[in-house]
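Number of protein chains: 2
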Amino acid sequence: MDKEFLKIIKSELDLIETTLKNYLDSQHPFINQVSEYIIFSGGKRIRPLLTVLSAKLFLSEDLDSNYLETIYRTSILFEYLHAATLLHDDVVDSAEFRRGRKAARNIWGNQATILVGDYLYAKALRLASLLENIKIMDVITQTTLLMSEGEVLQLLNLDNFFLTEAQYEEVIFRKTAVLISACCEVGAILGGADERECLLLKDFGKYLGLAFQIVDDLLDYLSEETGKDLGKDFKEGKVTLPVIYALKIASEEEKNTLLNLLKMPDTNKKDFETAKKIIEKNKGFTKSKERAKHYINLAKNCLKNLPNNLYKDLLIFISDYLLERKK
Amino acid sequence: MDKEFLKIIKSELDLIETTLKNYLDSQHPFINQVSEYIIFSGGKRIRPLLTVLSAKLFLSEDLDSNYLETIYRTSILFEYLHAATLLHDDVVDSAEFRRGRKAARNIWGNQATILVGDYLYAKALRLASLLENIKIMDVITQTTLLMSEGEVLQLLNLDNFFLTEAQYEEVIFRKTAVLISACCEVGAILGGADERECLLLKDFGKYLGLAFQIVDDLLDYLSEETGKDLGKDFKEGKVTLPVIYALKIASEEEKNTLLNLLKMPDTNKKDFETAKKIIEKNKGFTKSKERAKHYINLAKNCLKNLPNNLYKDLLIFISDYLLERKK
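Residue numbers (the UniProt record's numbering), protein chains in the order written: chain A, 1 to 327; chain B, 1 to 327.
Everything labelled a hint here was simulated from the structure, so no lab data went into it. Be aware that one or more of the hints could be misleading.
[Unchecked claim] Listed next, the in silico SDA-like pairs over lysine to any residue satisfying Cα-Cα at most 25 Å (straight line): (1) A:Lys263 x B:Asn110; (2) B:Lys232 x B:Tyr37; (3) A:Lys248 x A:Glu225; (4) B:Lys135 x A:Phe30; (5) B:Lys238 x A:Phe30; (6) B:Lys276 x B:Val171; (7) A:Lys102 x B:Asp93; (8) B:Lys238 x A:Gly109; (9) A:Lys238 x B:Lys135.
The following block holds chain A by itself, in its conformation from the complex (with noise of 0.2 Å):
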């Protein structure tokens, strides 16, 4: 069954590929290469495909093809607001490199990435409008300025460590959970679902959204990729959740030896297994892991009384392996 759910899932995430290139249509060459290179630089498109198959969820097989393309160009405007985001993220970060390679800004520049994430936004908020469909204007605008109030947040928390479980929640909600959550309603809107359904996909991608992004942060730590993205929360101090967890059970020199390593300005490889196997033994990934798990099965249940068919399958397919990833 797994095989068959991957292959479907293969042939969605080619068509979603083949759109993003097709609306990336610039008429000067300088933009669509920067765009292309965040764009393309091994994203799981995991945004785009929860749009279509919300979409697809409430929908008959024999589609309309002019109506399958509008929906999978709307599908990739979440791929180009969070490739935006990701732009300037690395700007404000000063990040050097980005999914193992090297971060745009450091080829060319932090001028042309600010911009140029700019572009990324307003194309995603020209597709949109190109739906000319008032109620998905208004969840993306809703969206979008959550998560821009979010950016700054996170911003000013960046000294704190001291973050409690409840701050690093809105943080990841604003920082994620808002945009997954937009796909899947949005995907349920061009559905055609009733209000209660597309109610029920909003919640279902919130959910999957804050698991996705606990996730991700268990995964800087843990992750099986050796890249140079490995560690890079723990070397720009960030705290996360399996430090918050872990914060509260170690002990008083624990605390303070895992404190110290975050703070400081340069790291090692040491330091880092250090951290880590303080963090492990107080049970932060553990711990993480079970509420990443607890908001996997909260979402599930969004879907229980919603029509069963391939498409739901398939979005339980997805959670589940949004929870297991190794990378």
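On the provided structure of chain A, position chain B as indicated by the hints.
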């Protein structure tokens, strides 16, 4: 008559000022603080003013107060959009000053400035979507896309000392005229204008915007204000219309001197005066002024066949003012 006009404009500006303040309503004081700093830094409010007047041009005097509120709320989104581009521009240009005082980035740093710029952009789009008007969303998303591409183009042209007049006009079209055009077109839509009338207001705004930027670039050399902004373009080595015209007829020696001065990383007051003299002698200023006048005439021409009323007179009055202003 002028006094009467100024009085009416003043009362419109007061309403705009209040509305600008009311909608800066982020729950996070820091976001409001940075936003207010850039929004309330002595801007002329020409964009919201044009939206309000363009709407009223087509409306009867006894307007529903809710609808009036909608018009003012919509007008300010253009000021938020404009402020967002200023924040990002200042980061991109490493600007120290803006409108005679410290640039926001000089107080809160590049990071916060980029992110609050994103916030103001999102806020503007959010205000637009509240109208639930597909046509207006279409205008605004098209506008922001053109503008953001233009910003990248401008960056790529930074070291182009042989900018042609056509290239210059493309830059100022995207940088300034597109947004001012949108202000007027959206105003007309809000006023219930028909398609032909909306198009006329769109063109009116475009020509007015082109003239506005040409005058702005002229004032960079000739302003009576002696703030730290004077000669900003010159210091940055930015080629604007006065330089383009002057280079056309200058002697080989003058050409070299002017280009060398523009290319110099550090220039003093004497250099600035030398450049001004070369531009003046080679008609750079007078021809630029003529060009601005040409666009103001085109702008006023667009209004010819529209209803004759106070608001048309005010739009003409403002067009003349923008041409003759000294700062």
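Status of each hint after checking the structure:
no., hint, in the structure
1, A:Lys263 x B:Asn110, "holds (22 Å)"
2, B:Lys232 x B:Tyr37, "holds (21 Å)"
3, A:Lys248 x A:Glu225, "violated (28 Å)"
4, B:Lys135 x A:Phe30, "violated (30 Å)"
5, B:Lys238 x A:Phe30, "holds (21 Å)"
6, B:Lys276 x B:Val171, "holds (23 Å)"
7, A:Lys102 x B:Asp93, "holds (23 Å)"
8, B:Lys238 x A:Gly109, "holds (19 Å)"
9, A:Lys238 x B:Lys135, "violated (44 Å)"
The structure fails hints 3, 4 and 9 (numbered hints given earlier, in ascending order).
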